[in-house]
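K.L.:
Two chains, two frames, some hints: make the complex.
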Amino acid sequence: MRSSSFFSLQSLVLALIIIGLIALALGGYLAPASRVLFKPLISAQTWLALRYQTIQNYLSSPQDVARLRQRNQELEAEVSRLQSEIIDLQQQLAETRVLSALVDFARAHPENRYVAASVIGRDPSPFVKYVIINRGSDDGLRRGMPVVTAQGLVGRVAAVTAGAARVQLITDPDSSVNIRLEPTAAEGILVGSLTGKLSLDMIPQEASVQTGNLVLTSGLGGNYPANILIGQVANVDREETDLFQTADVQPTVDFSRLEIVLIIVNFRPVDISPLFPTPGAP
Amino acid sequence: MAFFLAFPILSGLIILQTALVSHMRLLQGAADLILVALIAWAIQKPVRTAWSWGILAGLLVGYVSAIPFGVILVGYLLAVALAVILRQRVWQLPILAMLIATFFGTLLVHLVEILALRLVDTPLPFWEAINLVTLPSILLNLVLALPMYALFNDLANWLYPQPLEM
Numbered sequence: 001m002r003s004s005s006f007f008s009l010q011s012l013v014l015a016l017i018i019i020g021l022i023a024l025a026l027g028g029y030l031a032p033a034s035r036v037l038f039k040p041l042i043s044a045q046t047w048l049a050l051r052y053q054t055i056q057n058y059l060s061s062p063q064d065v066a067r068l069r070q071r072n073q074e075l076e077a078e079v080s081r082l083q084s085e086i087i088d089l090q091q092q093l094a095e096t097r098v099l100s101a102l103v104d105f106a107r108a109h110p111e112n113r114y115v116a117a118s119v120i121g122r123d124p125s126p127f128v129k130y131v132i133i134n135r136g137s138d139d140g141l142r143r144g145m146p147v148v149t150a151q152g153l154v155g156r157v158a159a160v161t162a163g164a165a166r167v168q169l170i171t172d173p174d175s176s177v178n179i180r181l182e183p184t185a186a187e188g189i190l191v192g193s194l195t196g197k198l199s200l201d202m203i204p205q206e207a208s209v210q211t212g213n214l215v216l217t218s219g220l221g222g223n224y225p226a227n228i229l230i231g232q233v234a235n236v237d238r239e240e241t242d243l244f245q246t247a248d249v250q251p252t253v254d255f256s257r258l259e260i261v262l263i264i265v266n267f268r269p270v271d272i273s274p275l276f277p278t279p280g281a282p
Numbered sequence: 283m284a285f286f287l288a289f290p291i292l293s294g295l296i297i298l299q300t301a302l303v304s305h306m307r308l309l310q311g312a313a314d315l316i317l318v319a320l321i322a323w324a325i326q327k328p329v330r331t332a333w334s335w336g337i338l339a340g341l342l343v344g345y346v347s348a349i350p351f352g353v354i355l356v357g358y359l360l361a362v363a364l365a366v367i368l369r370q371r372v373w374q375l376p377i378l379a380m381l382i383a384t385f386f387g388t389l390l391v392h393l394v395e396i397l398a399l400r401l402v403d404t405p406l407p408f409w410e411a412i413n414l415v416t417l418p419s420i421l422l423n424l425v426l427a428l429p430m431y432a433l434f435n436d437l438a439n440w441l442y443p444q445p446l447e448m
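From first to last, the protein sequence lines are chains C and H. According to this note's numbering, the first sequence is numbered sequentially starting from 1. According to this note's numbering, the second sequence is numbered sequentially starting from 283.
Extracted from the complex, chain H is given alone in its bound form (with noise of 0.2 Å):
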């Protein structure tokens, strides 16, 4: 159910990005709300189909943009294992850990882009790219942070509901 629930709501979040969040730019730097929604399924504690999500997000970002193919799957791939990692070290505090893989999967997945793009001879200086997009779209990320985290909560209550402890 949870991994079939992932091609309507990604392609709806694929849509909102391309006709709306790609407009809004803070310098050049623009929120990336599949990463986000990533982010925020794969901290839920009881979601085991957070690498299935990756995968297909990836697959289809990566289809739609004019990055090379595979770049933006690596990159979704990696924020999602650093999220399921800090579920299982943070776990007391997953508010924190949303902040936290936010923070360093945006950093990761815009990482992962720019290198691509220099191995494929693209110019694009190291330092303005990180000054110029990363740190204005990780800002806008960790904006949109909190309330992804509350929407996904509420899914991962509504999927995998828990059973009352007596």
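Pulled out of the complex, with its shape left as it was, chain C reads as follows (with noise of 0.2 Å):
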């Protein structure tokens, strides 16, 4: 009987302390006491985790190489597909933005027809300024047709097969285009070279020339449409004891990266050569 009421005696003070206990911790009264109480064991727990850690990744480190291998091998395809898909659409891209830049010229001369054509080669001799396109005769090109870009005149075409043709550059050292300058309106010639320079010839001298004016085509000769920009006038060469002005052009269309074309396919260029003399003619 007192041994009973002894331990329900003592089970109420434990269960006193318990519960005073949980109201102190409760109340944040214990912080101090578990901290120093806790502490030694979290450092304990830690260690051996880590421990623990370390072991389970250096045993089954294997399957995790084997694994990441073939991710990165996946990541790496995944990389190059995305690599070339993104050098395909940065082509089109630039292929879009130079048609859109050739329709905004077309739309800018509604008076010509334009046929587009990609230029697919240059000619094999390093002593002549020719490209070939991949435009013919079956696309309704013909022989002396300007050839252009937004940025200006590029050339003509100088010979036609069914499926391509060669066109002359301005830049080219037989060509010579008739040109006028604005704002003045002197007229000259403008030839090209072999280092692919343009050069402003027969310009009178009476003429005022300024560098950046704008050199177009004047239409004379019948060779080419009147106004098609060429360029501009970088620097003027006049000698008092010369005939005629001398001018360096700078040109608007870069002849290094030609990548598309418009020929104007509803101009005809006019032979005029009948008109001039020949030795031994009556």
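Be aware that a few hints might be false.
[Claimed, not checked] Once the Cα atoms are required to be at most 20 Å apart in a straight line, the calculated SDA-like pairs of lysine to any residue come out as:
1) 197/C x 405/H
2) 197/C x 382/H
3) 197/C x 149/C
4) 197/C x 307/H
5) 197/C x 400/H
6) 197/C x 308/H
[Stated by the list, open to error] Derived, one-sided and incomplete: chain C residues facing chain H with beta-carbon distance under 10 Å:
7) 28
8) 158
9) 159
10) 168
11) 174
12) 189
By construction, these hints were calculated from the structure, which means they are not laboratory data. From the three backbone atoms N, C-alpha and C, an ideal C-beta is built for every residue, glycine too.
P.N.:
Here it is, written out as structure tokens:
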């Protein structure tokens, strides 16, 4: 009897102590004590857990490496695919920009009809400046038709086959274009050269030519339509003793990066050679 | 067989030349794949079709190029002749013969082209053409000469297998 009452009293005291401790803990009064008490335990558990994880990683690493290698290969393949897709898209974007500029140019000159062509090659000989385009007589191209880009004059069709044509650039040493300067309205002849440099010749001495003047086709001679932009005067060379002034021209077209060009198919060059007297003719 | 191979090989080289090699300029000069291939073929000892390759290449390039028709044919045939002569004279050192033929072959072809262009009244300053076009082209052709020689040497050995000496 006595023993059972002792245990019940002991149990009651224990319960009160536990309740008291819980109340103190909930009230935050045991925090310093628990910090001191649990810190070594936490440290010990951390140490043990880290060692366990290290051993687990070590034991499972071969499987992970194989899986990572496979994943790496998959990701590398994905990166390669995406990079090639980016290159394709960049190329398409560049082509779209060029085509958009050409469409704008064509809209700005509704009097002309155009056929677009890609530049597929250059002349094998380094002495001449010709390009080969992928449109020919089947597409309505004829010899002498002017070739332009959105930036300005490129040249004219020199030879045609059914599916391709050869275009003489205005930078060719044998090329000459009748031009007009703006705003002075002075006229002259634009000639190419071996180095691809464009020069103006036959400009009258009395004409006022300034650096920055625009160079446009004059339409004289019947080889090119009038008012196609060619470039700007970069440098004027005027000697009092010469008959004519000369000048260097900075072209608006980058002839080293020709990709897509427009051929003006409703322009027919005029052959004025019969008008020139030939030796021996009556 | 060797003659018929000329069609695909030379056509492929012309496509490469117009689409790629002509864009790669050194000053104003460019390598001439077809010329170097012709020389590399003509310099091979067992080859007997060098002249027919030269005629075919001259006609094909003459058709593609804006240079007056026939001029490139003449230039290529002169280069083939030079290569054949060198093959007979410098037979113990074919690589040296290849380099000499490439140097003088390029010079000959360019001189013929300059002469022809000047005859048709194209304003082409002679020394400017030599300095800016011919000399850089010779350098580029010399760079191509050895790999092209190796390629055509393999082709010649495949087409004309040499009997084993016992």
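K.L.:
Against each hint, give a clear statement of whether it holds in the structure.
P.N.:
Consistency of the hints with the structure:
no. : hint          : result
1   : 197/C x 405/H : 13 Å, holds
2   : 197/C x 382/H : 33 Å, violated
3   : 197/C x 149/C : 19 Å, holds
4   : 197/C x 307/H : 15 Å, holds
5   : 197/C x 400/H : 19 Å, holds
6   : 197/C x 308/H : 16 Å, holds
7   : 28            : 81 Å, violated
8   : 158           : 6 Å, holds
9   : 159           : 7 Å, holds
10  : 168           : 7 Å, holds
11  : 174           : 4 Å, holds
12  : 189           : 12 Å, violated
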